[in-house]
Every structure is written in structure tokens, then in C-alpha cells.
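There are 2 protein chains.
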Amino acid sequence: MSRQVSILGAGLVGSLLSVILKKKGHEVTLYERRPDMRTASGYAGRSINLAMSARGWKGLELAGLREDLEAIAIPMYGRQLHMPDGSQAYQSYSKNNEAIYSVSRGELNKRLMTLAEQNGVSIKFEHKCSNVDVANNKLNFSLPDGSTQAVQADLLFGADGAFSALRQSYTHMDKVNCSQNYLEYGYKELNIPAGKDGEMMMEKNALHIWPRGNYMMIALPNTDNTFTCTMFMPFEGPNSFEKLKTEAEVKAFFDEKFGDAVPLMPTLIEDFFTNPTSSLITTHIMPWHYKDKSALIGDAAHAIVPFYGQGMNAGFEDCTILSGLMDVHGEDWTTILNEYERKRKPNGDAVAALALQNFVEMRDKVGDTAFLERKKIEKELGKRYPDQFVSVYEMVSFSHTPYNTAIQCIQAQDSLLHAIMKEGDFFKNVEDGRFTAKLDTYITEYHNAVQQLDFA
Amino acid sequence: MSRQVSILGAGLVGSLLSVILKKKGHEVTLYERRPDMRTASGYAGRSINLAMSARGWKGLELAGLREDLEAIAIPMYGRQLHMPDGSQAYQSYSKNNEAIYSVSRGELNKRLMTLAEQNGVSIKFEHKCSNVDVANNKLNFSLPDGSTQAVQADLLFGADGAFSALRQSYTHMDKVNCSQNYLEYGYKELNIPAGKDGEMMMEKNALHIWPRGNYMMIALPNTDNTFTCTMFMPFEGPNSFEKLKTEAEVKAFFDEKFGDAVPLMPTLIEDFFTNPTSSLITTHIMPWHYKDKSALIGDAAHAIVPFYGQGMNAGFEDCTILSGLMDVHGEDWTTILNEYERKRKPNGDAVAALALQNFVEMRDKVGDTAFLERKKIEKELGKRYPDQFVSVYEMVSFSHTPYNTAIQCIQAQDSLLHAIMKEGDFFKNVEDGRFTAKLDTYITEYHNAVQQLDFA
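Chains as they are written, first to last, in the UniProt record's numbering: chain H, 1 to 456; chain F, 1 to 456.
Keep in mind the hints are simulated off the structure, nothing from the lab.
Please note that the accuracy of each hint is not assured.
It does not matter which identical chain is used: a pair holds within one copy or between any two.
[Said to hold, decoys possible] Okay, derived cross-link-like pairs now, DSS-like style, lysine-lysine, Cα gap no bigger than 27 Å in a straight line:
| # | residue 1 | residue 2 |
| --- | --- | --- |
| 1 | Lys257 | Lys422 |
| 2 | Lys204 | Lys138 |
| 3 | Lys175 | Lys243 |
| 4 | Lys138 | Lys438 |
| 5 | Lys138 | Lys128 |
| 6 | Lys251 | Lys138 |
| 7 | Lys95 | Lys422 |
| 8 | Lys245 | Lys175 |
| 9 | Lys291 | Lys245 |
| 10 | Lys24 | Lys422 |
| 11 | Lys375 | Lys243 |
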């Protein structure tokens, strides 16, 4: 028996979910608060470039959209580090030449919407959900003409982002736990245009980072040979947005801190004062569903900060898991939504924690010699012991290992690498049979410590 | 320059605050969503009996209501423990015969409202605040006839409890962090009536506890010689509300677990199925104020669980602190509200944590011989070293030491008592000069460890 599905939010996750549900035979209507971004002028939308990795691709595969998207995705095989002294360093992400992919959020969203409509999903734009009567599954919308509209939902998904109306309505119910936490950092987008002959001004196949301790700038490549830069900086304090009020202050700051980038940023001052300074939020909520009637998915269930590039990937993986549960449990939606929450909630918590931790890595540790050395050793360990050791970064970005498993490996990997690095130069040591015998023991100990975890 | 003050909520904290502000020359209007409890029939309101202690009394003193209330307050000098085997034990709260006081929440609230009106405060009942436009300080009320009313506030306080409309409106602003967490326990009120000659059926001047590990019952005395009992129990699990669905199940459970209380509870079955099972919430939010326009106070700022008997006491202390800041800073409300948040937020967090910790103490540890011994030793230490040692319980209940200081003393007191008790029978040991010399050292070490904290 198919259901009438209502989805709040025609963003990335809502659009993907609509296609998956439609392909399984359900009737699906998407409700989107904004106008159609494919036709509306002046659409800005959310901005941080996406880094698509394994979990994202898998979701796209389910929707049959992988090949289509590969054409507009730029592989980034590693981090190109821009040091304060003007020197650069490169750190590859994977031992197997795997990449994360720079994708335009807007372009991806438009294609997913079109695919949804091609599959028979109805999208209702400019439908702003003001609140949901959760017990009765009734949606209240406000429309552009000021009128309101009530809709009786059958099966409802809230894919409406960090400030989800469904999430908000859940929080008013008894025994619903929730939190929202803003980072004391803001972000601002800036641009590096193509050169005068249309050429790219930096290495194309890398994620560029200017690590500066407690703040940083990153840049991701676009298909039009531009780069989108994002500055992450505290709102207040010594190096902060509040200290950059005048053109002279901004110019002096960038000249001093990002000297190699400034010549590539002709519109720096204009961009800085035109583009907003946005904030970054992490949310938690429990439960994620209400009986067999509704559930939260993507940012609505677990809004996270962008520093692991996993926000969209995690949301698409929610869709993959839900799809798998539908295959197993058929039309038993009580079980499907119970199991979805049971399986995904710990992973939502884990990816939120991983994303916060990775901010410290990106803005601070990546500039550190010992850290770069450790990353090289991790890759060598992965090659030497492919069945026993996978670095946490690779688990998160290049595998489908649950986030909650990856995060539980961190401490064991920290101990392992600490022990190995205490012995001196790894790449010299591994020439020595006594060291490699010891290394076998270390790796076996590590593997024993983590193997009871759920890697499936 | 006096201000026009609007206060949301004519509960205990809102009513007290209104009197304090009025006495300082401000115009005050209280908006209360419920009808007037002094005239409305069938008013139930919130139920857990109050345990008034030092911080609460100080707030009442500011309002000039202390003497009036002492007449209806019943001192409880300690805990009367009802063990599973039917035996009883008594544990006094203080080394100085200090008490916490059982007070009727409804009676206290009525008197505070009347006092407010006598002082010239206007109370508008049945004004339910639906939301606040925080930036513009505009209040939107819905009235019983279905109409709405907008009110422009000058200075606004949200004293409207755990589900505060002002708090809710704050959470929609950028950079507001918040959380709500329900305990997996519910509570239900039950009754012990007076005897057939109107006499009290248990010790009057004690807080009765039936500690049972992961659940418990408590009873507080009322002025009409009845006791109000409250059962705290998990919603689900082996001993839980979900397991008590039939009269036979309730009867069997109480007969087995609370054998000595059952003969005193003739309406047990009726009460159990008539009275609701309520939930318990802890909330956090930051910030607590918006510019010089509005602030949260009491449960609206820090809803806590009732196990330390500090909810109302903490709210009244908020009023005391605010009153002191008005005395110092005059009409500089930006400074007053900034300082109020800076001083009180850490204490709100601390009392929330203390309340959660004390649940474990009440339901489980108080039945333990070593714990009772420790409490006796703590009192003896307080007598022998009055300038150096005050137990955390006494700090919280009988002093005005900041909660945040009290909670920071816990670990040091745990170490101290652990060291002392490891030496064997304390009350025998203190006869020995070598032990007391050692004790002097322990106490000096403890005192050095905590003396840099803020006890003022």
C-alpha cells in the first residue's frame, strides 16, 4: 500500500528523498518555502561549496543521478596548504588517490528538483510551513499573498534544514530533548576569479586552506575556473570580524595574513563588505520521528558545522539508510521509522562531533609539521595493513562505515600514532626488521581494540 | 527615571519581582495566562510542595513577606528515611538545627499576588503570551474570547516558567544557544490524610523519603496535618509507571515496596489513577537578556528538576541579585542586565547540575549506611572547623554562597571525606590526638583547595 508523502523542504535532501520515495511507488509532494531557484532571479541560497564524498555519491546513485553529476564535479585529491610565510604544502586525502568533489550546491539542487519533477513528484514553491500539528499530522502554510493553507499529511518528512518547522513543532511535545549551539565563529564568502585568459589561478584539483591558528580561509574550485573562498573567523576577539570594520583594516589584515591570496582577489574589499557574515549552528534533537506519521531527515535532524564537508553527505546517507529499511520492512512504517531513528541518531551525533573537531584540525593542526608527518604515516599504514588500519579521515570520506564507529576509532588511532612517532623517523625505521615486528604488534593491538565495533 | 515594566507570568518569581520593582519606583504590569487562582474554581496549578530555604527567605524579606509566610511554613529539620524492611532512620540537615520549610505553593503564590496588588502592581489574568518580537519588545497576547492583543513593552521580564514565551522567542534569534532535556522519570502526587482525630500520621518536622534505588517516594507535611506524597519513577523499565496499569498491579507494588505507607494512604488507588503522571525538564539558554530591553528570570532562564528543593529558591535569588544590581547601577539597565546575566548564568547552570545529582542521592544513596555515616561526619567537621568546612548541602540550603561555588567544592569534599573514612571509625578516632593532628592537616588541605573560590 503506497502512501501519500509530504516532504517539507526541496533542498538537497528533500529533493533526493522525494525521488527515492517516488521510485518506490509512493505519491510525493515537496513543499518549499522559497521560489523556484531554477527560474527566480537573484537567487542566492546557501553558499559554502559542497564537498561530495562517498556517502553523497551513494545517495545520488540511488536516484540514478551519479553520472549526470560527475560531469560537474571537480575532484580534489588533497589539501593545498598556504602557510603564513608564503610557502605551500600539499597533503593528499587518500592512500588510493581517492578524491572529494567540489560541487555547486545550487546546480546540484536544481538538477535534483528537475529529476524529482521528471519522476512525477509535485513541488509546491513559496509554501512556508509555519508549524505542524504533530499528533494530527496537519501542516500549516503561509503563502506569498498572505493567506494560509492547512494540509492534512499522511506520511511526513521534515527535510527543511537547521530551522525546520517540523523540528520546532517536535520541541513543543512532552519528552522531546533538543539543543542548538552556535559556534563563536562566523563565515564570509569571497571570490577568486579566473585569470585574464580564463585560466584557473591556483591548483584546480585541491581544497586550498590558509590555516592561521584560530581562524582560516579555504577555497574550492568551480567549473567556471573561479574559486569560492570562505573566511572562518571569530565574531569577537583579537583576529575577528568585529576588528575588520573599515576598508583599511580589511586590506591590512589580508595583506598581512593572506599575502599570497590578495593578488588573486581583485574584488576583495567589495566582496567583504557586500557579502554577509553568517553564523554556524549545531543542533541535536531526540526523538527523530513520531509514530508512523513523521520523521526528521538531514539538517532538520542534525544540523552540523561544515568543517568535515559531511553535512550533505550525512543527509544523503540518511536517505540511503531509509531506502534500505523500506526494502526490508515493506509498508511497516512504524518499524521503518523506529529503526531509522535507532540506526541514524548515534551517527547524527557522531558526525556533528566530528565536524566540530575537524575545525581545529583545518584551521590549526594542518599547518603543523608533526601533523603532516602523521598524515603520511597513516597513509603508509593503510597501504601496509589494508585489512587492519583505515584512517578516520578515510573512513569518514571514502567509506560507508558508520560515523559513530569512525569517531570511536579516534582515541585508538591517536594512541597508535603516538606510540609509532615516539620511536623517531618512521620512514627510516620501517627499513628495520625489529621496528616492523614491533609495528605488527602495535597494529594488532589497535585492530583488537576496534574490531568489536560495527563497521558495516 | 522609572520604567514601565511588563512581567510575563504571575507565578512565584514574577509576583515577587513585581513587588521589588514597584518598591523601587517603577510601574509594573504582570501578565498571567491563567485565571486568578484566588477566585477561580478547580485551580490545580503546579504541585510538588516547596521546600523554602535560605535563598527563598531572603527574597521574601526583600518583599517584606517573610513574617507573614513563616506562619504557614512547617520546618523540616531532616530526612526521615523509610527503609524497605520497614525500619526508619533520621538524618538531620544541619549541624546548627537549621531547617528547610514545607510551604504550599498555591498559598504562597496567592499571598504574593495580593501583596503585589496592594503595592500597586496591575495583574492582567488570562493573557497568554503567544510570542515576543524581541528586537522591538512587542508582546502578542491571545485572550479567552479568541482575540489577540499587542502590547509595546518598555522593560520586559520573562518569569513565565520552563516553557516561557520570551525564552522561546529568544531561541529564534541568531547566536542563541539553548537546550531542553527531559528526565526519563515521571512523578505523580499521592496523599496521606490526617488521622481520624485530625492528627498527623507521621513525624511532622521532617521530609519523609522512601529511597528504593532507582525510584523513590517522598512526603512533605501540610498545615492541615496531611502529607503530600510524590512518587518519582522511570516511565519505562522494570519498576516503572508503564508497569502499573491495573489496580492490582499498583496495590501489589505499593504493598511490596512501601508497606509502611500503604495503611496511611486510603485513597492510594484512586489518587494513582486520577492524578497525572508528569514529566521533569531541565533547560539551559544563553543569553539571558536582550540589550536593556528584556531578560529571563527563574524557571524561564533555568528550569531545573526538583530534587534539591532549589527551583523557587534559585528564582528568588535571581530577584535578590537583580535588586542588588539596581541599587548599585541605578537606571543603567544595560549594565544591570549584563551583570545580572554574567553573575547568574553560571549559578543557573550549577543549580541545574546540583538538582540532577541530588536525585541520585535521595533515591539511592540516602539508604546506604556509609552515606549516613558520612553525613554525620560532615556535621561534626562543620562543628569542629566552622571557619574551614561547610558541607555542600548546607552551603546550598542554608547559605547564600553562589551555587557555582558550592558545586566546585564537591570534589574536594569527596576527597576529604574519603580520606577520613578510610581511617576507620571517625567518632572513635577523634578521641586520639594523632588522628586529630592528621585531621587538622586534611582540613587545611581542603580549605586551601577551595579558598580561592568566590564564597561571597
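Comparing the hints with the structure gives:
1. Lys257 <-> Lys422: Cα proximity of lysine 257 and lysine 422: none, with 33 Å in one copy and 58 Å across.
2. Lys204 <-> Lys138: neither (48 Å within a copy, 52 Å between copies)
3. Lys175 <-> Lys243: Result: close only across copies, 19 Å inter versus 43 Å intra.
4. Lys138 <-> Lys438: neither (63 Å within a copy, 70 Å between copies)
5. Lys138 <-> Lys128: both (14 Å within a copy, 23 Å between copies)
6. Lys251 <-> Lys138: Answer is neither; intra-copy 53 Å and inter-copy 41 Å both fail.
7. Lys95 <-> Lys422: Answer is within; shortest intra-copy Cα gap is 23 Å, inter-copy 55 Å.
8. Lys245 <-> Lys175: between (45 Å within a copy, 20 Å between copies)
9. Lys291 <-> Lys245: Close across copies (22 Å), not inside one copy (51 Å); limit 27 Å.
10. Lys24 <-> Lys422: neither (54 Å within a copy, 67 Å between copies)
11. Lys375 <-> Lys243: Neither, since 35 Å and 54 Å both go past 27 Å.
Hint compliance for this structure: hints 1, 2, 4, 6, 10, 11 are broken, all remaining hints hold.
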